[in-house]
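Peer 1: Produce the complete structure using the sequences and hints provided.
Protein chains in written order, with the working numbering: chain A, 2 to 140; chain B, 494 to 1260.
Check each hint, because a few of them may be wrong.
Simulated restraints, written as ranges between beta carbons of each label pair [as the list claims (entries may be wrong)]:
id	chain 1	residue 1	chain 2	residue 2	range
1	B	Arg1037	A	Arg7	29 to 39 Å
2	B	Val1050	A	Ile16	17 to 27 Å
3	B	Trp1190	A	Met137	24 to 34 Å
4	B	Glu1163	A	Gln60	47 to 57 Å
5	B	Thr1035	A	Met137	25 to 35 Å
6	B	Leu1178	A	Ile8	48 to 58 Å
7	A	Ile16	B	Ile1255	46 to 56 Å
8	A	Ile16	B	Pro1133	13 to 23 Å
Don't read these hints as lab results, they were simulated from the structure. No residue lacks a Cβ here, since even glycine has one placed at the ideal position from N, Cα and C.
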Amino acid sequence: MTPLARIVSLAVLPIALMISLSHLLNAEHGPGDGFTAGIITALALTLEYLTFGFRDVRQRLARLRFERVLFGGLLLALLAAILPLFVGVPFFGEVSVGTRLPLLGDLELTTALLFDFGIYFAVVGGAMTAIDALEMAVE
Amino acid sequence: LAVATPFAGALLIGLLRAAGWTRAPFAALGVLASAVTAALVALLWLRIPYPFETRVEWAGAAQLGFGLAVDELALVFAVLVTGIGLLTFAYSALFIERSRAAYNAYLLLFTGSMLGVVFATDLVQLYLFWELTDLASFLLIGLNWRDTAARAAALRVLLITTLGGLGLLLGIVLLGALAGTYQISQLNGGLPLADYPPLLTLTVALIVLGAVTKAAQFPLHVWLPPAMRAPTPVNAYLDSAALLAAGVYLLARLQPALADVPLWTWAVGGAGLASMLAGGLLALAAGDFKVILAYSTVSQYGFIFLLLGLASPQALAGALFLLLQHGLLKAALFFVVGLVAIATGVTAAGRSGGLWRRMPVTFAIAAVLAFSLGGLPPLAGFWMKEVVFGSVAEAGGWVLPGLVVLGSGLTLAYMLRFLRLVFVAGEAAPELPRAEPRLLLAVPGMLALLTIGFGLEPGLPAKALAAPAAGAATGVLPRLELSLYWGPALLLSLLALGLGSLGFLSLERWQPLLLRMLSPAWTLDRIYSAAGEACAAAGRLTLRLQNGLLLRYLAMVMMALLGMLALSGAGDVVRHGVPLTRVEQLLPLPGWDWRMLLLLLLICAGSLLTLLLRQHVQMVLALGAVGYLIGGVFALALAPSLGILQVHVETLVTVLLILPLAAIPRELLERFYTGARERVTGGRLLLAATAGLGGGWVSWWVLEHLPAAPIAPWFNDNAAALTGATDVVAAVLLHFRALDTLAEVLVFATATAGVFALARLIRKERG
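Peer 2: Set out below in structure tokens:
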């Protein structure tokens, strides 16, 4: 790939991650949610694959196992569903810890947010696992 | 806490093993954990006021709860499970020099799940732990996984007990629907069951099926004898005392709620009778020591089921009394067989002649145990039979007592034969056994002393455990009379003893006849293997259907879909004519203007272009373009979330589609592009046309059948108030339909796993 494309794709990655994060944190008050955010992140990573080559990127991210990200996401989502049980709220009930995070403004830490993060990681992990697997098979 | 301890122990062992500690004192850990568990149960029994119940409703809508319920009935089983469990751990710590991590972990897992079954407050919770015991027993029986027979036995256990478990689950769901609750204490609290006899009968049939498979009752006992490939302590624990007892617990627990159904007596009692007789006869014919004991277990549980089938508080107390005594005796007998195997290496009849002279203490212990199970006074087993005869004589008639006499006669006969086979008959044992392992003898010896003690003072276990437990289950405290008096019970007992001795003495004369008679009994095994064959045939059929031709899969899916559509749609058209009205009302969609029209035209053009293009990459790109355009439609139709998502997903899918295309060898593609076009046959054209038209029809039909009161406004109105989310889509995804979202993510993960496995397969094939 041309140097220009490489620079662009490098610049895109943090922006995409920021957009994902804003989708996640703002899920309840605007378009987009964990699923969309996950797809965006997966797309950004795929772009890296395309510009820098699969091997190169994979080597750099050797410690990042996307299967684990997928399972971690699933566990997180399950946890969000089960956690309310411990404080006497039904399965999938909503529990919120009303803190305001600095810099990010009004934000409630809720189990719904945890759930959305779980979905995000599951989607990123799943999509990238599929792409990795296909790449490996193709090579 | 009692339930959690064994699980924690299992987890700890697993973690240590995973951390690479191969030489850790796993056996000691196992003993420790089970001792703590036993102590906790004892504490529960002696110190804490019961019955008590704690319960958390975790799925309110489905009325599912999770929690603990402790009463006398549960405690009887808990004492049995932890008591025998502790002995098993102690014995196996000595038995297997360096007992393995997995072994101890699985055994603890089993203890924990049994306690979970016993203390469950909710039927669904009970089912969960019930299946966990299946899993644990599968792991334990298949422990020696290098042994093919052990693997087959483990698989058989899993298949048969899980089948029973599925029946049980169905039964539980039906029962819950009929009674309106899954909470066990409410079921038995005199809640009126819905008055619908056929369904109730079906429920009982399914639940009894579950119990029968678990307790290895005829005709589903076929999993028990092969399971004897497991290590002997495992058999002592699982197959005598604990695993089978789960079936008894289920029935004892539900007896007050379900015993009024006429089927109950017939199904439970009938299974018991059949097992009592079949198990007895099979035990007389078997040659392997452990298999004899296994069939004897089948027949002894037959007695217990018979009493459960009689469905009176009295009989229930008797059944529990039998269960406890049998648990002690059978575990001890398994320990003895294990000892013989250690000392001489002999596990089946024929090579252990004259062993009683070399292992006198072992022989004495075994004799006490066997006589006790056979029902000789003054041992505890005598009272077992006495209890059965008492209940049966009360039930009246001649046939039932007659059969029971026959069954206990068989018991005595096969126990005597067991003694002779193990210690007397056959060629002299080839190698001299070393000195009798004293420490190991202590475990069965203790149990033998216990059976003598209970024989002299039978009221102790009966009054302390069995009667109050039956009282707790049924609400009526039964009187369990255990004193020697001249009555029908004693008469029947003597009759049975006489018959048993006679049968044993004349065994040589009629055993050939028995063997010939029993050969059809193996058809049960044959049915099991036939079922396996059928599954294999189905597998071959699947292989033929799924031959890797994508086109054929597509055709089959489409045809099935169209078939269903035709069935449902045709009737609709006949009844109502072609509907047009609603679509006309809907036509002015939100955002309906020239931009929308342009987008739709472009989508049509893109689709046509996809058909006309010849290079695969071009096709994929054209499809991607169509996807983007659809995203545009969503955006115009005031569904921005969907629009954004559509564009992103489309991009990713395009990449995913192009990736494998790159893997197709260049020559192959060239040949495809330059060669003759794929033939367009009439059949394919027809299929494609009908599929397209069918899809269109579905959209049309759905639009026509929109519910009169759409649900969307409710979501729009209530989302912000109920969930605090101003974005309705998020409110639905994360709150109202969170469970659906979770399920969808699971589907996504499963699909990913499929891709992963396929890709790995391809890599492997390429080498």
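Peer 1: Decide, hint by hint, whether the structure agrees.
Peer 2: Comparing the hints with the structure gives:
1. At about 50 Å, the CB distance of Arg1037 of chain B to Arg7 of chain A disagrees with the hint of 29 to 39 Å.
2. Restraint check, Val1050 of chain B to Ile16 of chain A: a C-beta distance of roughly 41 Å breaks the suggested window 17 to 27 Å.
3. Between Trp1190 of chain B and Met137 of chain A, the C-beta spacing of about 42 Å breaks the proposed range 24 to 34 Å.
4. One distance hint, 47 to 57 Å for the beta-carbon pair Glu1163 of chain B and Gln60 of chain A, is violated here, with the actual separation near 33 Å.
5. Judged by the Cβ atoms, the range 25 to 35 Å given for Thr1035 of chain B and Met137 of chain A holds: they are separated by roughly 28 Å.
6. Against the hinted window of 48 to 58 Å, the Cβ-Cβ separation of Leu1178 of chain B and Ile8 of chain A comes to about 50 Å, which satisfies the hint.
7. Distance hint check for Ile16 of chain A and Ile1255 of chain B: the Cβ-Cβ separation is about 35 Å, which falls outside the suggested range of 46 to 56 Å.
8. Distance hint check: the CB atoms of Ile16 of chain A and Pro1133 of chain B are about 20 Å apart, consistent with the given range 13 to 23 Å.
In this structure, the hints that do not hold are numbers 1, 2, 3, 4 and 7, in rising order.
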